[in-house]
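Protein chains in written order, with my numbering: chain A, 1 to 374; chain B, 1 to 304.
Treat the hints with care, since some could be wrong.
Now the in silico label distances, taken between C-beta atoms and shown as ranges [to be verified]:
1. A:P350 with B:R201: 53 to 61 Å
2. B:F243 with A:D113: 32 to 40 Å
3. A:E20 with B:E103: 35 to 43 Å
4. A:N16 with B:T214: 34 to 42 Å
5. A:P350 with B:T214: 46 to 54 Å
6. B:N2 with A:P183: 52 to 60 Å
7. B:G14 with A:A212: 51 to 59 Å
8. A:A212 with B:F243: 47 to 55 Å
9. A:E20 with B:G14: 56 to 64 Å
As a list, the in silico DMTMM-like pairs of lysine to aspartate or glutamate whose alpha-carbon atoms are at most 20 Å apart [claimed, not checked]:
10. B:K102 with A:D39
11. B:K58 with B:E77
12. B:K102 with A:D59
13. B:K41 with B:D130
14. B:K102 with A:E41
Calculated directly from the structure, the hints in this document are not laboratory data.
Cβ coordinates follow ideal geometry from the N, Cα and C atoms, glycine included.
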Amino acid sequence: MSYPITGVGAVASIGNTPDEIFTGLCAGRSGLGPLRGFDREKFTAQQLFEIDDRAGTGDEPGRATRFLIEAVRQAAEDAGLPEDLSGVPVLIGTGLRELRSLELWWRDGIPFDASELDFGPALRRRFGAVDTHTFANACSASLYALALGWDLLEQGDADTVIVAGCDTVTESMFGQADRVQPPPPEVRPFDRGRQGTILGEGAAAVVLRRDADPGRPVRGWLRSVAINCDARHPTAPDREGITASVRQAHRIAGADPRDIDLVVLHGTGTPINDLMETEVTASVFAAATPALTGIKSQTGHTSGSAGLMSLLVALSCIGTGRIPPVGGLVDPLPEADGLRLVRDAPLSQPVHLAQVNGFGFGGVNAVAIVAGAA
Amino acid sequence: MNTAITGVSLLLPGLTDPRGLLRPAVTDGEPVDPAALIGKKGLRYKDRATQLGLCMAKAALTDAGLLGPSGITIPGERVGVVVSTNLGNVDTVCRAVETIAKEGTAGLSPMDTPNASSNITASEIAIRFDLRGPNLTVCNGATSGLDAVRWAALTLRSGRADRMLVIGVEPENPMTRALVGGPVVDGGAALVLSRSAEADRCRAVLGPAVRAATLADGAGRLADAVPHAGAWVTDHSDVVPEFAARVDLSGWGECSGALGVMQCAAAVGWADSGRTDPVCALTGGHPGAVASAGLVLRPPGPSS
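Assemble the whole structure, with the sequences as input and the hints as a guide.
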């Protein structure tokens with residue numbers, strides 16, 4: 001089974017549309033900047049990949065919702081859907097929901113209603129959507145939501161589904177990271193010198209259809225989404241769980257590792273994620289050499305939206321035949337010997353079939369396979 | 001394909017028997033003590049929602065006959081978890097910003113890091129019971145509990161898992177109480193769902209699920225699906241037909257994400273009480289809500 005992706009939308013620190021983001025990645029642009037919403041004196045780390053949209057100084061509530069609305073708007077428009085989405089399920093994967101608004105309520109007394117913790121009320125107000133679902137599945141949330149969107153189509157429960165991911169940075173999550181890891185100056189996935197990840201903000205959305213509309217463009221085809229759980233450690237990835245999710249994605253897609261031209265890696269830049277992901281990739285692709293890339297050195301780790309953001313990049317690679325390099329990668333970790341990590345400059349290479357990895361806190365793994373025009 | 005409830009657990013201050021949900025809420029129950037139920041080991045540094053969720057998970061898996069002396073008795077990769085909670089890690093998040101404002105990040109505890117992520121309860125349950133199937137955290141407002149049941153049932157239909165553990169849990173603490181403007185249930189319920197054809201200990205069968213823009217539409221569609229339901233489990237008395245009993249769980253405090261799962265537990269309590277007529281559960285639909293969600297639950301027939 002294979003479902004057409006008929007619309008895409010995204011915002012991130014390096015661009016306000018999927019095309020801008022992809023162009024920025026290929027041009028080596030980075031969204032890393034000094035803290036905009038937090039009190040700099042309270043943190044050792046001083047940088048994040050924030051979207052520069054705040055009206056004044058200090059922080060304001062409702063930004064995750066704002067990013068989500070914009071990504072969904074773009075995707076619906078791209079797919080030629082009406083402004084009224086009352087008949088369309090909208091599934092949102094997020095790591096941190098509107099917890100930033102909760103923080104501002106608790107600390108500063110900025111009004112906040114408990115019902116706005118999830119994105120349903122805002123989507124109802126803006127698009128008339130009533131079948132909305134917010135899934136808080138850490139850093140694989142948007143690909144997890146994509147798997148459920150797939151199931152809705154496959155089980156005949158819907159003909160059209162919008163799947164999105166979004167996140168801002170919460171002070172609690174940023175603060176915990178600041179407490180436990182020395183702040184890395186930059187994100188350098190798969191480099192020997194990598195020192196950890198830096199959070200980012202963003203939202204991404206796709207429109208999935210059971211059948212393509214004649215006469216309308218198809219942005220790509222979703223071939224499978226695998227989901228599972230390590231059930232091992234609250235924060236560290238597990239080899240067995242990740243391997244199982246990748247193999248499951250291949251099996252559902254009916255794809256041999258040798259068929260896959262590109263893997264957009266989760267690649268957070270943390271020592272343990274990148275080591276584990278490299279080893280699993282080397283093992284699963286022992287008989288194949290897909291191009292490997294990752295986007296987090298330039299977008300930051302956009303948490304719940306990260307998986308779908310990577311998937312949109314994979315679609316752009318398929319569409320353009322260009323693969324952006326892993327930014328900041330100078331000296332690959334030794335376990336990547338023999339792997340084809342894209343470095344320094346974009347690689348021109350036709351891509352027909354791509355794998356997208358998303359792994360999250362709690363060992364929640366999701367892996368998607370997307371293809372070009374059938 | 002039908003979905004069956006094959007295990008259930010209820011964990012409320014002063015009540016663990018689902019049949020008790022058919023009676024008025026216990027108002028003077030002692031708070032649940034997780035350490036007394038599952039031992040102290042592994043509970044340190046876990047937030048309240050996770051501690052409660054671990055207790056419910058153990059009881060529901062045991063009730064479904066899936067837990068032996070050495071753990072889960074079927075392959076863990078075929079068992080998934082769905083947790084519904086809106087307020088689960090609100091306490092950790094609020095406490096963190098308070099600490100940062102006073103002391104900077106040096107005042108934070110590294111042990112709170114996993115709790116800053118809203119899927120902490122679902123992942124801790126997976127770890128403790130080795131449940132490696134799909135692991136989902138639904139934070140979807142008033143309808144969240146029934147939505148969690150819907151997604152678990154979809155996951156069974158699509159073949160991603162053979163058993164789904166569904167948990168609805170909300171913790172009581174100063175932050176959650178302030179956020180919802182009153183007492184919070186400080187407990188919840190858990191279900192084990194299976195495909196009916198594979199269910200050897202069916203407690204109730206899930207009927208059609210509905211989702212509608214308004215309460216009236218949701219109620220109408222439920223009534224169309226089962227014109228002669230014996231009971232309606234809902235906070236809204238005005239939608240219950242005259243001939244049906246109403247089960248009202250609002251006396252337990254703000255149930256939020258736990259509500260829909262507790263409603264399903266109430267339906268099991270209805271069946272356990274010897275009733276054979278179907279039950280309608282209905283959540284959401286209040287002014288300002290996104291939608292209403294409803295679910296039909298049928299007691300198992302005499303042959304099952």
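Structure-based check of each hint:
no.: 1; hint: A:P350 with B:R201: 53 to 61 Å; verdict: 54 Å, holds
no.: 2; hint: B:F243 with A:D113: 32 to 40 Å; verdict: 37 Å, holds
no.: 3; hint: A:E20 with B:E103: 35 to 43 Å; verdict: 40 Å, holds
no.: 4; hint: A:N16 with B:T214: 34 to 42 Å; verdict: 36 Å, holds
no.: 5; hint: A:P350 with B:T214: 46 to 54 Å; verdict: 51 Å, holds
no.: 6; hint: B:N2 with A:P183: 52 to 60 Å; verdict: 53 Å, holds
no.: 7; hint: B:G14 with A:A212: 51 to 59 Å; verdict: 56 Å, holds
no.: 8; hint: A:A212 with B:F243: 47 to 55 Å; verdict: 49 Å, holds
no.: 9; hint: A:E20 with B:G14: 56 to 64 Å; verdict: 57 Å, holds
no.: 10; hint: B:K102 with A:D39; verdict: 12 Å, holds
no.: 11; hint: B:K58 with B:E77; verdict: 17 Å, holds
no.: 12; hint: B:K102 with A:D59; verdict: 18 Å, holds
no.: 13; hint: B:K41 with B:D130; verdict: 16 Å, holds
no.: 14; hint: B:K102 with A:E41; verdict: 11 Å, holds
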